[in-house]
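J.: Sequence:
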Amino acid sequence: MFISDMKKFFCRWYDETSAIKRAYDKGLIEKKWVENYCWNEGKNCIRKKRFEEEGYISPDYVLPDGSEDSKLK
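Take any residue in the sequence shown, count from 1 to its spot, add 2: that is its number in this note's numbering.
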């Protein structure tokens, strides 16, 4: 599958402003985070849910499942 085909499955918030994308691009988090959440239309992403339902922007150290990663602080 080409990257252009894959983009249709990306979460709408997965762009240059995304803390998760930046952490992944820097090698600070494993690929599983973007594969399971960001590249899966943001399904089950706590960060996305909090923002869309509550207008709350999660801190950069909060992972898509809602857990915290101290190395991102």
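Keep in mind that the hints are not guaranteed to be accurate.
Simulated DEER-style distance windows between Cβ atoms [to be verified]:
1. Lys73 - Lys10: 30 to 36 Å
2. Lys10 - Asp71: 27 to 33 Å
3. Gly29 - Glu54: 14 to 20 Å
4. Lys9 - Lys73: 25 to 31 Å
Please keep in mind that the hints were generated in silico from the structure rather than gathered at the bench.
We put the CB at the ideal spot given by N, CA and C, even for glycine.
J.: All hints are to be evaluated individually against the structure, with a verdict given for each.
T.: Hints and how they fare:
1. In this structure the supplied range 30 to 36 Å holds for lysine 73 paired with lysine 10, their Cβ-Cβ distance being about 31 Å.
2. In this structure, lysine 10 and aspartate 71 meet the distance hint of 27 to 33 Å, their C-beta atoms being roughly 28 Å apart.
3. The hinted window of 14 to 20 Å between glycine 29 and glutamate 54 is violated, with their beta carbons roughly 28 Å apart.
4. Range check, lysine 9 to lysine 73: Cβ separation about 28 Å, and the 25 to 31 Å hint holds.
Checked against the numbered hints above, the structure violates only hint 3.
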